[in-house]
Amino acid sequence: MQASTEPIISAQHQARRKNTVLNYVLQNKWLYLFLVPGFLYLLVFKYIPMLGLVIAFKELSLVKGIMASPWVGLEHFQYLFESQEFYKVLRNSLLLSLYQLLWAFPAPIVLALMLNEVRHMLFKRVSQTILYLPHFISWVVLAGMIINFLSPSTGLVNHIVEALGMKPIHFLIEPDYFRTILVSAEVWKGVGWGTIIYLAAMTGIDPTRYESAKIDGANRFQQIWYVTLPGITTTIVVLLILQVGVILDNGFEQVFLLYNPMTYSVADVFETYTYRIGLIDGRLSFAAAVGLFKSLVGLVLILIANRIARSFGNQIW
Amino acid sequence: MRIWKRFEWFDAVNYTLLLLICVIMLYPFVNVAAVSFSSYSSFLENPMMIWPKQLSFAAYNQILSHPVLLSSYTNTIIITVCGVAIGIFLYIITAYPLSKKHLKGRNFFMVIVIFTMLFNGGLIPNFYLIRELGLLDTLTALVVPMLLSGFNLILMKNFMESLPEELEEAAKMDGASEPYLLFRIIVPLSMPIIATLCLFTAVGYWNNFFNAVIYIRSVENWPLMLFLREIIEGARMQEISGANAAEVGKNAVVPETLKYATLMIVMVPILCVYPFVQKYFVQGITLGSVKG
Amino acid sequence: MKKTWKGAFALTAAAAMLFVTACSGGNGGNAGGNNTSANSEKEQSGSETLKIKVMANHDQATLSASDKKWIEQMEKDMGVDIEYEIPPVTGYQERVQLMLASGDYPDLVYFPGTNDQSFVNAVKDGLIVPVNKYIESAENIKKYTYETSWNALKVQQDENIYGIPRTTVIRNDAFWFRKDWLAKIGFDIPADSEITVDQFTEILTKFTKDDPDGNGKADTYGLAAGVDGNKVLQPVLTSQFGLLGWQKTEGGDYQYLDATYDRKSDAYKKALDYTARLSGEGLLDPDAAVNNAVSARERFWRGITGVMGGFAGHYSWHSTELKKLNANADLTYLFVKNETDGKVAGQGFGVGLWGFWGITSTAKDPQKIVDMLEYYLDDANYETMMNGYEDIDYKNENGKLTVADNKEEAPVRRNTMRRAGDIQIYFTAATPQEEIDMSKPWLEKSVNTVVLSKNLDFMPEASKKPNFMDYKKTWDQTIMSIVLGQTPVDKFDELLDGWYKNGGEEYVQEMNAFIEKSEGASK
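Protein chains in written order, with numbering that gives the first Met the number 0: chain A, 0 to 316; chain B, 0 to 291; chain C, 0 to 522.
Isolated chain A (complex conformation) (with noise of 0.2 Å):
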């Protein structure tokens, strides 16, 4: 019965495929309807004031306003291009995103497998908020703590060193420990929070498919491996994706308040290097090319990025 039919109705399928935007819109008008608030705030208060990065390809004058100040094309951006420092600066905030990829990517997902396992329930939710503490402090106490910490005369640190017999090492003027430090302050300041995303992610993780592993035979570990971590890999890859994104981002803060000019060589990133170019000539038109560089960079990675992730099937778009 079936078998003459068929034909019949794949036929008025197709008819249909033909009127096929207007007549998916109006069969999804929900759909769309939902979209326009959300958009509609896009386009007033994103996409407008982003007119004004028009400032990066003038000398912006306050007093004339952003349209009467005079166009000065791409000379900031020689400037930038021009500059000696600029090429080390680049370099900088490659290398410290690359740390921060390296090492306070993987961290939340680790602690967050671990705090998953964790049975008991009260313990779970008391670490859990102790673990979210960090990310309420301040970057400037924490960097007062962290340079006490270090400190070649009173830091605990060297007291541990001077313990050992050797001489006291000062940690915040070597290039060589900089990335270290501001990496590990940046995992303690914010591994517990990024735990929040990914535990919201293994809430969806279907209970039976740990019953049935268990049934295999996997041990806790291979519970992880084979449950656990899949079951998050799309949330993973979406927060990898986006991080890429701000690949030359490094934080202000947190690099301004703990580098010196000692360490300039490894330490100077974009956002210093605008600040410190800024306080000589605060020039809002030089800040706003610099930005409109990296948002470019990242824009571009980030299509790379989801590209190279569409062909494993995790994309975002």
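Do not take every clue at face value.
[Unchecked claim] To give a feel for the contact side, a few chain C residues facing chain B, derived at Cβ under 7 Å: (1) D58; (2) T61; (3) S63; (4) K67; (5) T89; (6) L97; (7) A217; (8) W300; (9) L324; (10) I422.
I should point out that these hints are in silico values taken from the structure, not numbers from a laboratory. Computed from a prediction, not measured in an experiment: that's the story for all the values here. Beta carbons: idealized from backbone N, C-alpha and C, even for Gly.
Given chain A, work out where chains B and C should sit, using these hints.
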């Protein structure tokens, strides 16, 4: 015997490691709390203390007795509640269509979202916009700029994508409309991500002070963070302007302990909110409904 | 059930938002002045009272009782309406930028310095008016302002002065010494408070090595060194080796030069070498490279270090904190003499202004505004300006003046205008007489030993070129490295050559042109 059977080395190691990590995480918080209740001199003597010395509420007094505290606290609560409520609503209805793989124009929409995450006009254009909308010096100006962030939107869309499609099909066959599907079925299943975003956006609003610097003109509209920052910066400025102790009198400046006390005042309320959100991070509870 | 929850929540939130907008809309929805006005009752209904809008940077955004009273007094005496806009301290720079961009200008604006970019642009765009003709009648302002301040404000390289300075005392700051430690090492404090460089070194050495706090541990150091605002560790003694900023040279390629940049002089190298030696021998705080001013001061208070550079008027501030940790601690203030001519001389800080006030082109009556600033310095009002009001700022107990209970800061009253060279401002009615007697000679010496650098904070165009600004990074790195003993002092020659090649040549030439012009103008 049953207890021994459930004991696994894995757990022993896991719990111990977590305990260690918690101690490391806890130390600075304990330090901050201790310093905030100590006198400035005992802080100077031992900045790494974990127990208050020369118990002193001077820093808290200075903050809590300030007339602006109450209004700024209220402002921040209003801003946070409104911002989270409206924001979550926007996230839900915007992420849901984007989570449908079959949505026509999906790539285009996503690129639009990604763009907003990367490009920003900066201080002056945003100021002009808020001014033209007549929102200067209103609390609305503190809510609106942070309502929708591309990052959070992508997280929610991602989560919704991972929900099984059979749900949608089953509901549609029962004749459900799209809104019903979204609010009655998808949203309850998405509580983990909703809870997460509530937390993220709430903290974002709570900690923000720079928008207030730009958009707010009257002290009555200051949010909490700005008020706290001003106390610290104002104290520092007094130092620079050469005020000596005799001049300043009873409201003596105590910058470090002040800083730490403001940190406590900021942290504690959020920590109180978190336990309510925690229950949504329980595994498996949401997926149970699929089978049933 | 969840849906109704969400829906109800959202509706309530939206309602709350509207409510809130309505309320705060009433509080003031425009960009302009709706801020802390001392006399909101004074009606603008047809009155001819001139309104003066002031934008200032003070440490608190609300006016204290003392300030309110002072403003009322001014308004009454001058027949004006004064409105204050005090942005948050954390964002003053951004708020000035927004103010310039908004088109809604106050009448009087505070700028932190003559090189502030917002100010420079505002002058270029014609927003700030010259004040020359308005100050002609301002006797006190003219009398109590440094010549260099006026010169520094001639930012367009012509005769036009573009602001009224907020004068501060130009000082040559010296060093605080732990008096109890000096006693312990047996050092006699000279009556004229002057010591030689060698004595300075000796004190630092003994403070580090001879356990001056007597606790049996080698945990003290000599100098509370720290980095400056640019995070650079600068040489500890400069003027003592002849570094006094931009001065007339005796022959050579340029008429004026800062000895730092003089290839024929080794003054800077000597300063670097001296500091490197101190650092090498461990006489500086080991944390110097990461100490900012606050930590350097805190460590001095803690008793980790025994000598600290600072301002002579801070005696009670430092000693109060010191004594809390160590009841026997006490302080004295000593000047280090130049090693060749034995005189105390130091480069004064800045050009005598602690920020300044600019008058905008939209001000309706600039003369009245200048009169208002003149009011502060007038003999009739000066004492009230300094000390405040009875029962609000001070108490009069049988002729003895003490600090009033719950005394609040009054930055508008006290920090708007100052008299040049008046060290009395550092003492209030409540300062104990012993402290005044002790500090006065130090303050006077600080003021009298100032040598002004001729550059007037001028920044030549050459300093804004990319290679010059980039070289600053190299400069800072090398200097700090030398000071910390990681690079030999002779590297400085190479550094200086590089500086000349990277825009330094233009810098010196432009600076010379500027100085010649300003020297000629002031004759």
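Hint-by-hint comparison with the structure:
1. Taking 7 Å as the C-beta cut-off, the interface hint given for C:D58 holds, the closest approach to chain B being about 4 Å.
2. Among the interface hints, the one on C:T61 holds; its C-beta lies about 6 Å from the nearest C-beta in chain B, closer than the 7 Å criterion.
3. Taken as an interface hint, C:S63 does not check out: its beta carbon lies about 10 Å from the nearest beta carbon of chain B, beyond 7 Å.
4. Because the closest C-beta pair between C:K67 and chain B is about 14 Å apart, greater than 7 Å, the hint is violated.
5. With a cut of 7 Å, the hint placing C:T89 at the interface with chain B holds, because the nearest CB-to-CB distance is about 5 Å.
6. Checking C:L97 against chain B: minimum C-beta separation of about 5 Å stays under 7 Å; hint holds.
7. Because the closest C-beta pair between C:A217 and chain B is about 19 Å apart, greater than 7 Å, the hint is violated.
8. Taking 7 Å as the C-beta contact cut-off toward chain B, the hint placing C:W300 at the interface holds, the least distance being around 6 Å.
9. For C:L324, the suggested interface contact is upheld, since its CB lies about 5 Å from the closest CB of chain B, less than 7 Å.
10. A least Cβ separation of about 11 Å between C:I422 and chain B goes past the 7 Å threshold, and the interface hint is therefore violated.
Of the hints listed earlier, those the structure fails to meet are numbers 3, 4, 7, 10, in rising order.
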